[in-house]
Structures are given as structure tokens and as C-alpha cells.
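Protein chains: 2
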Amino acid sequence: MPKDRGDVRRRMREAALALFYEKGYDVTTAAEIAARAGVTERTFFRHFPDKREVLFNENELAERLDVKISEAAPDLGALEAVIWAFQSLAPMFEENLKFAEPAHAVISRTPALQERQLAKAAAITLAISEALQRRDIEPGTANLVAATAMAVTAHGLQAWKQDPSVPLVDHFGEAHEALIAISSPARR
Amino acid sequence: MPKDRGDVRRRMREAALALFYEKGYDVTTAAEIAARAGVTERTFFRHFPDKREVLFNENELAERLDVKISEAAPDLGALEAVIWAFQSLAPMFEENLKFAEPAHAVISRTPALQERQLAKAAAITLAISEALQRRDIEPGTANLVAATAMAVTAHGLQAWKQDPSVPLVDHFGEAHEALIAISSPARR
DNA sequence: CTCCTATTGACAGTCACTGACATAAAACGA
DNA sequence: TCGTTTTATGTCAGTGACTGTCAATAGGAG
Numbered sequence: 001m002p003k004d005r006g007d008v009r010r011r012m013r014e015a016a017l018a019l020f021y022e023k024g025y026d027v028t029t030a031a032e033i034a035a036r037a038g039v040t041e042r043t044f045f046r047h048f049p050d051k052r053e054v055l056f057n058e059n060e061l062a063e064r065l066d067v068k069i070s071e072a073a074p075d076l077g078a079l080e081a082v083i084w085a086f087q088s089l090a091p092m093f094e095e096n097l098k099f100a101e102p103a104h105a106v107i108s109r110t111p112a113l114q115e116r117q118l119a120k121a122a123a124i125t126l127a128i129s130e131a132l133q134r135r136d137i138e139p140g141t142a143n144l145v146a147a148t149a150m151a152v153t154a155h156g157l158q159a160w161k162q163d164p165s166v167p168l169v170d171h172f173g174e175a176h177e178a179l180i181a182i183s184s185p186a187r188r
Numbered sequence: 001m002p003k004d005r006g007d008v009r010r011r012m013r014e015a016a017l018a019l020f021y022e023k024g025y026d027v028t029t030a031a032e033i034a035a036r037a038g039v040t041e042r043t044f045f046r047h048f049p050d051k052r053e054v055l056f057n058e059n060e061l062a063e064r065l066d067v068k069i070s071e072a073a074p075d076l077g078a079l080e081a082v083i084w085a086f087q088s089l090a091p092m093f094e095e096n097l098k099f100a101e102p103a104h105a106v107i108s109r110t111p112a113l114q115e116r117q118l119a120k121a122a123a124i125t126l127a128i129s130e131a132l133q134r135r136d137i138e139p140g141t142a143n144l145v146a147a148t149a150m151a152v153t154a155h156g157l158q159a160w161k162q163d164p165s166v167p168l169v170d171h172f173g174e175a176h177e178a179l180i181a182i183s184s185p186a187r188r
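Residue numbers (my numbering), protein chains in the order written: chain A, 1 to 188; chain B, 1 to 188.
Check the hints yourself; a few may be wrong.
Okay, the calculated beta carbon distance ranges per label pair [stated by the list, open to error]:
#, chain 1, residue 1, chain 2, residue 2, range
1, B, GLU94, A, THR43, 45 to 55 angstroms
2, A, THR43, B, GLU177, 30 to 40 angstroms
3, A, ARG42, B, ARG10, 34 to 44 angstroms
4, B, HIS104, A, GLN133, 18 to 28 angstroms
5, B, PRO167, A, GLU14, 49 to 59 angstroms
6, A, PRO74, B, GLU14, 49 to 59 angstroms
7, A, PHE45, B, PRO74, 53 to 63 angstroms
8, B, ALA35, A, ALA112, 26 to 36 angstroms
9, B, GLU174, A, GLU94, 17 to 27 angstroms
10, B, ARG42, A, ALA112, 20 to 30 angstroms
Think of the hints as simulated: they come from the structure by calculation, not from any bench. Values in this document were obtained by computation on a predicted structure and should not be read as measured data. Using N, Cα and C, we set each Cβ at its ideal position, and we do this for glycine too.
Construct all of the structure, not just a fragment, from the sequences and the given hints.
Take a look at the structure:
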């Protein structure tokens with residue numbers, strides 16, 4: 001009996017987040033989530049490939065980064081281009097905060113979900129590397145830059161979490177400077 | 001009927017690697033692996049917390065890094081200390097190659113195993129960060145340095161794979177220089 | 001030889017996930 | 001408006017990963 005349409009996903013997401021938050025991830029059943037959303041377990045697995053995925057958005061971030069990196073000024077270095085891309089997407093992070101924050105609380109205490117998050121991060125890193133290679137960066141260097149940029153971004157996000165009064169863009173900028181500081185400490 | 005003792009684990013590991021390599025990870029059953037090793041499925045899960053773990057060693061690398069980082073010369077910068085630690089553990093990588101190589105072949109074509117590997121890498125990153133904090137590095141900086149060092153190491157390992165004639169230590173050194181190159185390209 | 005402990009087997013059960021088929025609502029063309 | 005087709009869901013059965021429990025046996029300590 002299909003009545004409402006695309007909001008089934010949203011209902012399941014919210015049900016899952018609520019249950020995970022209340023009882024914990026491993027003790028909540030996929031059937032429970034489905035029931036709370038008013039559907040069947042089978043329907044749950046038609047919308048999400050597995051139980052974990054209900055907490056993660058599709059990776060629009062990877063696609064957006066891809067576009068932004070191709071739009072970055074050609075005279076920018078590889079690392080600068082990626083960091084600029086992240087900076088121009090900072091508003092996206094700030095909007096998603098409402099859903100991302102409670103989700104992160106659940107993820108941080110659930111090893112299985114942490115693994116999935118790492119996989120997502122790895123996918124983003126890969127997307128960055130490919131975008132850089134389209135800017136004529138060598139594959140090896142592109143991988144290194146992508147991974148480094150991810151480290152810088154994570155650093156910026158962490159700082160932002162501790163001091164949300166400063167806009168995220170500025171935290172990204174400071175994180176970049178922190179990298180420069182650590183990577184050449186023995187300089188004259 | 002317990003006859004042989006601690007080599008049951010080794011038999012299961014080898015059986016698993018062989019089966020994964022022949023038929024693929026997802027189509028081989030835990031029961032199959034156990035049968036091939038001459039034990040029961042239940043015994044398999046007594047030795048390994050889950051099916052994936054049979055391909056991964058316990059993280060002795062994290063512990064060794066921890067020791068090495070604490071032994072590094074005090075005047076070394078944070079990043080230099082970690083890279084030095086990796087360099088002094090390079091022989092360890094070169095010895096484990098025999099088991100690690102076929103295992104990596106299986107892992108690289110199995111998403112579920114890639115996730116676990118990412119988790120292992122994250123655990124190592126965390127260990128590095130903690131070791132650095134014991135050297136009086138601030139937590140935020142320690143995380144950034146640890147993540148950056150992991151990126152550098154991955155870069156070095158990748159280069160080593162493509163050119164095994166050069167010793168791994170030198171690849172690590174070159175990777176470090178590559179980082180310096182990318183992190184300050186706009187320098188006067 | 002006997003007791004104790006570590007390891008395994010045997011068995012039952014839960015839960016994540018999948019394939020196959022039926023059904024009803026919704027979208028669409030005539 | 002009506003019949004057809006498409007789409008989202010329900011139902012059911014089945015596989016496989018993992019866990020708890022208890023019994024049985026081998027090996028070592030005394």
C-alpha cells in the first residue's frame with residue numbers, strides 16, 4: 001500500500017537515529033527501525049544496502065569537491081586548490097550540522113559505524129586524488145596531497161567543534177598554516 | 001580432541017587466505033575455512049572475533065611505533081620523529097611481505113576487507129598521536145602530524161611497491177621530501 | 001592415577017541480508 | 001474514465017555470520 005512516497009527514507013533515517021541514540025546501535029534491530037517507520041524490514045533493506053548506511057548521506061560531498069577542484073584557479077598549487085575547495089564548501093558543513101551532530105554522537109561510540117565512516121572518508125580522498133590528476137598532478141603526488149588535505153580538513157573541523165564562534169572557513173585556513181608549520185620545522 | 005595447540009590459528013589463517021584467493025571472500029563460508037583447517041565453525045569464531053579478522057595480524061605495528069617514537073631523539077620535530085620511527089621499522093615491512101602480499105591482493109578486491117584495513121590504519125594513527133602527546137605535542141597538532149605521517153608512509157609504501165629494488169627506508173625519505181614540496185609551493 | 005584446566009564439538013538461536021512472488025497504489029495512455 | 005503498466009511495498013523462505021550454553025576430551029599438575 002504505497003501512500004506517501006519519498007519521505008519513507010526520511011522516516012526510517014529518523015527512526016534509526018532515535019533508536020540508535022536511545023538504545024545503541026548493536027541492540028537495535030533493522031526490523032525495529034522499520035516498524036518504527038511504519039514499514040517492513042524488507043522495505044528497509046530496499047532503501048539502504050545495509051544497516052549502517054541509514055546514518056550516512058550519499059556522498060554528494062565527493063561530487064561537489066570534484067567540481068570545485070576543477071574550478072579552482074589554475075595557478076593554485078595542488079594542496080591549495082583542494083583546501084580552497086573545502087573552504088568554499090564550508091557552508092555545506094554548517095548546514096548539515098543539525099543532522100550530523102547527533103549522528104556523530106552515535107557513530108563515535110559504535111566501532112562498526114566508525115569503520116563505515118572511514119570508508120566514506122577514503123572514498124572522498126580518492127575522489128580528490130582523481131580530481132587532482134585531472135589537473136595534471138601525478139598519481140602518487142595526487143594521493144599524497146589528497147590524504148594530506150583530508151588530514152588538514154579533519155584538523156580544521158576538530159578545531160571548529162571546539163570553537164564554533166569562529167567560521168569554519170577560518171579554521172580551515174589555520175589548519176593549513178598548521179601543516180606548513182609542522183612540515184618544515186628544521187628550516188633555517 | 002585437542003591434539004595440536006597454537007598452530008590451529010595458523011592453519012585457519014592459511015586456509016582462509018587460500019579460499020579467499022581462489023573463490024573470493026564473500027562466497028567462502030566460515031564453516032568452509034574451519035573445515036579446511038580441520039576444526040568446527042565455532043572454533044573459528046573462538047579464535048577470530050569475525051570473519052574479516054582472519055586476514056589481519058594483531059597490531060604489533062602500533063606498539064612498536066609507540067616505543068620507537070618515545071626513543072626518537074628529543075630534538076627531532078614531531079613529524080620527523082614519526083617518520084624516523086617508520087624508517088627504523090622498515091625491516092618489519094620487508095619481512096612480512098610474504099604473507100602480506102597475497103593478503104593484499106585479496107583485500108584490494110574486497111570492500112568489506114578494505115573497510116577493516118582502514119580501521120586498522122586509523123588505530124595506528126591514533127597510537128601515533130598518543131605517542132606524540134607523550135612527547136608534549138598538543139592533541140590537535142598530534143592528530144594532524146599523525147595523519148600526515150600516515151599519508152607520507154602510504155606514499156612511500158606505494159613507491160616501494162613499484163620499485164622494490166630501492167630499500168624501503170629510502171622511499172620513506174623521499175616521501176617526506178615530497179610532503180615538504182607540496183606543503184609550501186608558494187614559497188618565495 | 002586423579003583432579004583441573006584449556007580447548008573443542010555439538011546444538012540451538014538471533015539477526016543481517018537476499019531472492020522470489022504476490023499485491024495494491026499510482027502513473028499513464030487511449 | 002477505464003484499462004494497462006509501472007513502482008513501491010508486503011510476505012515468505014532461506015543463507016550465513018555470530019553467540020550462548022553445555023558436554024566431552026586431552027594434557028598437565030599433584
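Against the structure, the hints come out as follows:
Between GLU94(B) and THR43(A) the beta carbon distance is about 52 angstroms. The supplied range of 45 to 55 angstroms therefore holds. At about 54 angstroms, the CB distance of THR43(A) to GLU177(B) disagrees with the hint of 30 to 40 angstroms. Separation of ARG42(A) from ARG10(B) is about 42 angstroms and conforms to the stated range, judged on CB atoms against 34 to 44 angstroms. In this structure the hint that HIS104(B) and GLN133(A) lie 18 to 28 angstroms apart at CB holds, the actual value being about 23 angstroms.
The supplied range of 49 to 59 angstroms is met by PRO167(B) and GLU14(A), whose beta-carbon atoms lie about 55 angstroms from each other. The given range of 49 to 59 angstroms is respected by PRO74(A) and GLU14(B), whose C-beta atoms sit roughly 53 angstroms from each other. For the pair PHE45(A) and PRO74(B), the supplied restraint of 53 to 63 angstroms holds, since their beta-carbon distance comes to about 55 angstroms. In this structure the supplied range 26 to 36 angstroms holds for ALA35(B) paired with ALA112(A), their Cβ-Cβ distance being about 28 angstroms.
Here the CB-CB span from GLU174(B) to GLU94(A) is close to 39 angstroms, at odds with the stated 17 to 27 angstroms. Between ARG42(B) and ALA112(A) the C-beta distance comes to about 22 angstroms, which sits within the given range of 20 to 30 angstroms.
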